[in-house]
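Asks: Residue numbers (the numbering used here), protein chains in the order written: chain U, 3 to 399; chain L, 3 to 399.
None of these hints come from the bench; they were simulated from the model. A portion of the hints provided could be inaccurate.
Just so you know, same-sequence chains aren't split out, so a pair can sit in one copy or run between any two.
[Unchecked claim] With a straight-line cut-off of 30 Å between C-alpha atoms, the simulated DSS-like cross-links for lysine-lysine are: (1) 57 to 353; (2) 294 to 57; (3) 131 to 353; (4) 61 to 24; (5) 334 to 57; (6) 353 to 24; (7) 287 to 57; (8) 12 to 61; (9) 341 to 29; (10) 134 to 24; (11) 29 to 57; (12) 61 to 334; (13) 341 to 24; (14) 61 to 106; (15) 251 to 12; (16) 294 to 12; (17) 334 to 24.
What follows is the residue order along each chain.
There are 2 protein chains.
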Amino acid sequence: MGKENAMTPKGYLFSAAEAAIKKPGRKDLALIFSEQEAVMSGNFTTNRVKAAPVKLDMKRIRSGRGRAIVVNSGNANACRGEEGMRDALEMTELVSCALGINMKGVYVCSTGVIGTPLPMGRIRPVIPKLTKGMGKSTWDDVAAAIMTTDTFPKVVSRRLKLADRTVTITGLCKGAGMISPLMATMLCFILTDARIARSALDAALSLAVRESFNKITIDGDRSTNDTVLVMANGMARNETVEKGSADFKKFVRALSDVTSALSRMIVRDGEGATKLVEIEVRNAKNTRDAEKAAFSVANSLLVKTAIYGNDANWGRIMAALGHSGISMREEKTDISFGKVRIVLRGLATGKEGEAADVLRQREIRITINLHIGNSSARVLTCDLTEDYVRINAEYRT
Amino acid sequence: MGKENAMTPKGYLFSAAEAAIKKPGRKDLALIFSEQEAVMSGNFTTNRVKAAPVKLDMKRIRSGRGRAIVVNSGNANACRGEEGMRDALEMTELVSCALGINMKGVYVCSTGVIGTPLPMGRIRPVIPKLTKGMGKSTWDDVAAAIMTTDTFPKVVSRRLKLADRTVTITGLCKGAGMISPLMATMLCFILTDARIARSALDAALSLAVRESFNKITIDGDRSTNDTVLVMANGMARNETVEKGSADFKKFVRALSDVTSALSRMIVRDGEGATKLVEIEVRNAKNTRDAEKAAFSVANSLLVKTAIYGNDANWGRIMAALGHSGISMREEKTDISFGKVRIVLRGLATGKEGEAADVLRQREIRITINLHIGNSSARVLTCDLTEDYVRINAEYRT
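Only chain U is shown next, with the shape it has when bound in the complex:
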């Protein structure tokens, strides 16, 4: 599932190693390296409390360029003050020294527990091993090394033709908890060998993220570390993609495909989740209302637990719509589970049995038609299970 035809774009090398950051027994440090300097764009958490690596990357991304990304799991390097920033800087410094590249071209990402010191004593000696091992690991090794509570590595590739050149876009990410909208959610690295102008890459990333990572929610919590970084090293030798061109549109479509597939994987692998749920709100007064309504339903614990229990409890959807603060009229609202219309103009249609059958599937679409305006929105979420509670009650023990 995580390996959906992964293809490697030209000129990228990978490495993964074990630094026993949280505990020994698995690779938890990874490196992504581009043979040529890449054009880069980034998207970072909107949480006011930002981890040190996020703060550092936000500065470095201003250059729009880079060569390498070093990532660790098991520790978020967040809420540690100046010490955290020193550690983040040192990680990039060690990588830049070992590779003989400019430190400003090295990005760093961390994921895991907040507020605990990063064990630099264990990380330092592993960095040379990491850089020496470059090329000996694959996508999947990197995707596995950055996992926290994820149950499978997440990698997606798309190939497109730009004139006579073949361009590859490959993304990998980790998710599982603290997933919520309005930011570049989780850690995601997208590599492409496309040659693209920086402004075009920025625009393409914004467009792709808006309808993928910014439209998923697992628990409504927004992390301190969420980062999406895209590298484009130009090694496909296509004509430079410029904003607004036909090639740009193709590139955005392929990039959106990658981010959508990845965000779907994140939700499917939501902590404790057994079902993927798509909430579609149609004919809202405006886009803001449509999104608010969709997220209110998607984040309702009562809706999520009902779905888990195969209970077509549409009343909880009505209640979630009603307190979302949007313009709505109960007596105009239709609700469908899959193709089964369970509410027509605010009233039960009596098809709860059929709707419960829809809920027994692993992928469910809930459509809400407000019949008030012309705007719509779609949000992906998952059900809420005892396992989510168990995972998060025991996360650090």
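Since chain U is already given, all that's left is putting chain L on it; use the hints.
Replies: Using the frame of chain U, we list chain L on its own:
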């Protein structure tokens, strides 16, 4: 716990009966009756989707007067269109006929499943039994009859002296799920024999609700049926309480005591909850920020599951503060669990072991000092457990 010295104010009679509304085997219909017409005030859900009884009561409360309240559990009589309103009206009509009182003085409340027809065929024949049984039941019978997923009935009394008269205020309520702020949460009935002007009663209720029911959250979901009704029949024969007087202040204090104790009981009895958690935010920029921050922490699934797991995972509190949209600075923020300061100016103090001991208690206070302004807020919540999921996944099965 639910019986904390309950005293009955003068002139109120109670009755409870079984109508097998959801299933047989328990009393699920209750009646509260005042021998004399009472001054009344109400507070209703802000959810745009309002149940039929809420809509009806909102109309009737404009008169500021009433004699009786009929309540059923097992069915919310919500999202049923005109049929729902007909049923709500009929319930009050049957009670008014049987008691020989004006129908407009009868209020009705419902709680339970949304969107399912109210079994009027079973309710109709029970109403005469209900009115005939008046005086044969107690507070506790009524409190028990209106329970849904509550595990204990909730009743609180306060007595106060106004000049040489003794006034009693007794409140009863039900809670458990779909509990969230910014409205008169759940069903709550407060009866007093005080003689009070209607404007004074309205003002007193608003003041009392603001710092009690509007400052609790169990799951962030806001119901379609939430109602607080207060009846004051004047049978204590005190001098009429007028707004702004010394007696008014005394009355507000006692009423607030009752609503605070009831809201505490609701949170303690939150679905699946094992712990009562008080989140206090101090020195926020303004009250809005303080409340937003407190609710963001109180509603974070990650914070709630960590508390359940006795894990002093303050990083999740920082993350919840950071995405709450308030003004804050990580490096100014202090966090304490009980008396154990676990974060000082944004950094861990290393007292996680002591903090985990605090979390093992059944009542926990988490204090967050933002050191930015002078406003504060306090919110009550509970932990999130596997049982919450189980209860809500299986609610209708």
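Asks: Hint by hint, note whether the structure agrees.
Replies: Structure-based check of each hint:
1. For the homomeric pair residue 57 and residue 353, the shortest alpha-carbon distance between copies (27 Å) is at most 30 Å, but the shortest distance inside one copy (52 Å) is not.
2. In this assembly of identical chains, the alpha carbons of residue 294 and residue 57 lie at most 30 Å apart whether taken from the same copy (29 Å) or from different copies (25 Å).
3. Proximity of residue 131 to residue 353 under the C-alpha cut-off of 30 Å is found in neither arrangement, the shortest distances being 61 Å within a copy and 35 Å between copies.
4. For a Cα distance limit of 30 Å, the shortest separation of residue 61 from residue 24 inside one copy, 28 Å, qualifies, whereas the shortest one across copies, 60 Å, does not.
5. Only between protomers do residue 334 and residue 57 lie at most 30 Å apart by alpha-carbon distance; the minimum there is 18 Å, versus 47 Å within a single protomer.
6. Taking identical chains as interchangeable, the C-alpha atoms of residue 353 and residue 24 lie at most 30 Å apart only when they sit on different chains, with a minimum of 19 Å there against 50 Å within one chain.
7. Taking the shortest Cα distances, residue 287 and residue 57 sit within 30 Å of each other only across copies (24 Å), while inside one copy they are farther apart (37 Å).
8. When the C-alpha separation of residue 12 and residue 61 is checked against a cutoff of 30 Å, the pair qualifies only within one copy, where the shortest distance is 27 Å, while the shortest distance between copies is 70 Å.
9. In the homo-oligomer, the alpha carbons of residue 341 and residue 29 never lie at most 30 Å apart, since the shortest distance is 45 Å inside one protomer and 39 Å across protomers.
10. Proximity of residue 134 and residue 24 under a CA criterion of 30 Å is satisfied intra-copy only: 23 Å inside one chain copy versus 68 Å between copies.
11. Proximity of residue 29 and residue 57 under a CA criterion of 30 Å is satisfied intra-copy only: 25 Å inside one chain copy versus 60 Å between copies.
12. For the identical chains of this complex, residue 61 and residue 334 are inter-copy neighbours only, at 23 Å across copies versus 49 Å inside a copy, given an alpha-carbon limit of 30 Å.
13. In the homo-oligomer, the alpha carbons of residue 341 and residue 24 lie at most 30 Å apart only across protomers (29 Å), although the nearest pairing inside one protomer, at 46 Å, exceeds that limit.
14. Taking CA atoms no more than 30 Å apart as the test, residue 61 paired with residue 106 passes inside one copy only; the shortest distance there is 9 Å, against 67 Å between copies.
15. Taking the shortest alpha-carbon separations for residue 251 and residue 12, only the intra-copy value of 22 Å comes in at or below 30 Å, while the best inter-copy value is 76 Å.
16. Taking identical chains as interchangeable, the C-alpha atoms of residue 294 and residue 12 are never at most 30 Å apart, the minima being 41 Å within one chain and 48 Å between chains.
17. Within a single copy, residue 334 and residue 24 get their C-alpha atoms only as close as 53 Å, which misses the 30 Å cut-off; across copies the closest is 28 Å, which meets it.
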